[in-house]
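Asks: If you want the building blocks of each chain, they are given just below.
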Amino acid sequence: MDSILASSSTIDSVKHFINVACEPHWFLIISVAAFFIFLIGYRTWTKPAVAATVGALATLFFLVSCMDANFAKIVTKADNVPIVIMMVSVSFLLWLGFRQAAINDERMEKGEPLLEAGADDKVLVWPDLVYSELIALVLCTALLIAWAILLRAPLEQPADPNVAPNPAKAPWYFLGLQEMLVYFDPWLAGVVLPGLIIVGLIAIPYIDKNPRGNGYYTFKERKFAITTFLFGFVILWVVLIIFGTFLRGPNWNFFGPYEYWDHNRPAALLNTEFHDLFWINFWGVPLPKHYLMRELPGIILLGAYFVLSPFIMKATFFRKIYRDIGFMRYSMLCVLVLFMVLMPIKMVLRWTLNLHYVVGITEWFLNV
Amino acid sequence: MINQFGNWIRESQIWGSIFRHGVPRDRRTRAMAILSNVFLHLHPVAVRKSGIRLSFTWCMGGITFFLFLVEIVTGVLLMFYYRPTVEYAYFDIQGLRAHVTLGLLRELHRWGAHAMVITIWLHMLRVFLTGSYKPPREFNWSVGVILLVLTLLLSFTGYLLPWDQLAMWAITVGSNMARATPGAGSEGPLSAFIQIGGVPLVHAGDDARFGLLAGTFVGPNALLRFYVLHCVFIPCVVTVLLAVHFWRIRKDGGVSGPL
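Heads up: the protein sequence lines correspond to chains A and B, in order. Using our numbering, the letters of the first sequence map in sequence onto residues 1 to 368. Using our numbering, the letters of the second sequence map in sequence onto residues 1001 to 1259.
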């Protein structure tokens, strides 16, 4: 009723616009676009005046949004406060890091010493370091006590195995993993891909042979490494946590930031398989009987993605990287990067074509 | 007067037996203050000036360690009030709120845990952006990644202990993934092939999820198991790895800087 009456007002159309922009595929596309726009223009974006303006606008947007009941309800939930803190601190520290990188890159171009130069001026740990540690310790204690006084730790109803909450969410720092469960078979999303994340992180220093950028902020000297890592950390980890916390509601449906979490909205139907698209929609023939034949186009597509693209990349924009790191490291890099990029590709396919699986051999649990 | 009293203390046998160096006023005694103290000697004696600039280090590793200590102190205190059984767990937490004077323990523990997860990520971000994982620090980066995983596991196992709806269902969602482990989960690939004479060896009663929960659902055994992992096992492993992590920082040349 309310929404019908107010639908003509500007505020409501803005809210509607933002709700639509937060729909999964738009949310992802806008985040990725913002990510690259930031990286390409990092010297401009990190200028204090520009960054302060962006920060102020974001804060203003947040405060005005809090006047909306649905938005305020989800943002001020006690357990979601840490996630708001995380958003602010990640943004601020990314700015701080890239600001110093921009200054260093400019200084290197002019042949001036780095911000971190003067490696030989050593100071004694007592008193210089121990005193700043003491100050940090006191400040953190005070902040934590203030936080604990202001915000009570939530306690819900006693555990009851017969009453499942809707939505049932994993702890917030695993929401990126829970989001992956939507797109891939559980053994991939819940076991193999998290394993690859850990292995991939450990492997970073052994794959990255670039000797430059060791011990100081720079972006120019390590563009590929920083872009890849930040894509994983910011987009596929932090952004998916924000997505899972604030925009995933009952029945694991998507809800815009100003939408009411309606428990009666049915779960999304997933009925488009790649084999249907290929055999029925494209060729107009019935599905082949044997499942290997049925899934052949998907297997070829996926095989090409994992086997052919390393060769194509090696011949084009990874030529220098391949020369620098050699065959073994390059193979490792490709496996990790291709698995990482598979996630956003699958997300966009899911949300635009309603694609369930590219390869769907349920008999073998091979659902990708 | 106060000076005299201070001198009297510093010249006493007790003081001298604890601190074997003079007042840290000159270069030599300041170095001794770090070297002769088991806690402070985690530091080198001298560090690069740029290496302790707040805008360079963000202090996030230190804050993560500080929060780990907060979690240990508040955690030990919480253990006095909490019994890890289905009958008592929830009501002990309620009692903590109702009956314990200045009952901020649980708040400090919970928000400290959330904060620790965030600060350890930010620490990793800083180490990455400054390229500090590069030689000779590759191995310490790997140790750090393991510590990150263990921090998440610490938080995950602690999530169950309040035994409320949030706890039980978050752990249900999280542990369901173990069911899909290839070859080790009852609903994972390859598991169906592991059988003797048609009898499956990997089933809901002995798979990876069962090992995690000590049952087929999140029940009393899971609560006890998570309690022990949370309070004893993982903190011990983290402590050992922290020692390695800090020791390696010193051995690899302290806080990183341009070569």
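Quick caveat, the hints were computed from the structure, so don't treat them as lab data. Take the hints with a grain of salt, since some may be wrong.
[Said to hold, decoys possible] Computed cross-link-like contacts, BS3-like style, restricted to lysine-lysine with a CA-CA straight-line distance of at most 30 Å:
| no. | chain 1 | residue 1 | chain 2 | residue 2 |
| --- | --- | --- | --- | --- |
| 1 | A | K110 | B | K1049 |
| 2 | B | K1049 | B | K1251 |
| 3 | A | K220 | A | K73 |
| 4 | A | K122 | B | K1049 |
| 5 | A | K346 | A | K314 |
| 6 | A | K209 | B | K1049 |
| 7 | A | K209 | A | K73 |
| 8 | A | K220 | B | K1049 |
| 9 | A | K223 | A | K77 |
| 10 | A | K220 | A | K47 |
| 11 | B | K1049 | A | K314 |
| 12 | B | K1251 | A | K314 |
| 13 | A | K47 | B | K1251 |
| 14 | A | K223 | A | K314 |
| 15 | A | K289 | A | K209 |
| 16 | A | K110 | B | K1251 |
Asks: Taking the numbered hints from earlier one at a time, note which ones the structure violates and give those numbers from smallest to largest.
Replies: The structure breaks hints 3, 7, 9, 11, 12, 13, 15 and 16; every other hint is satisfied.
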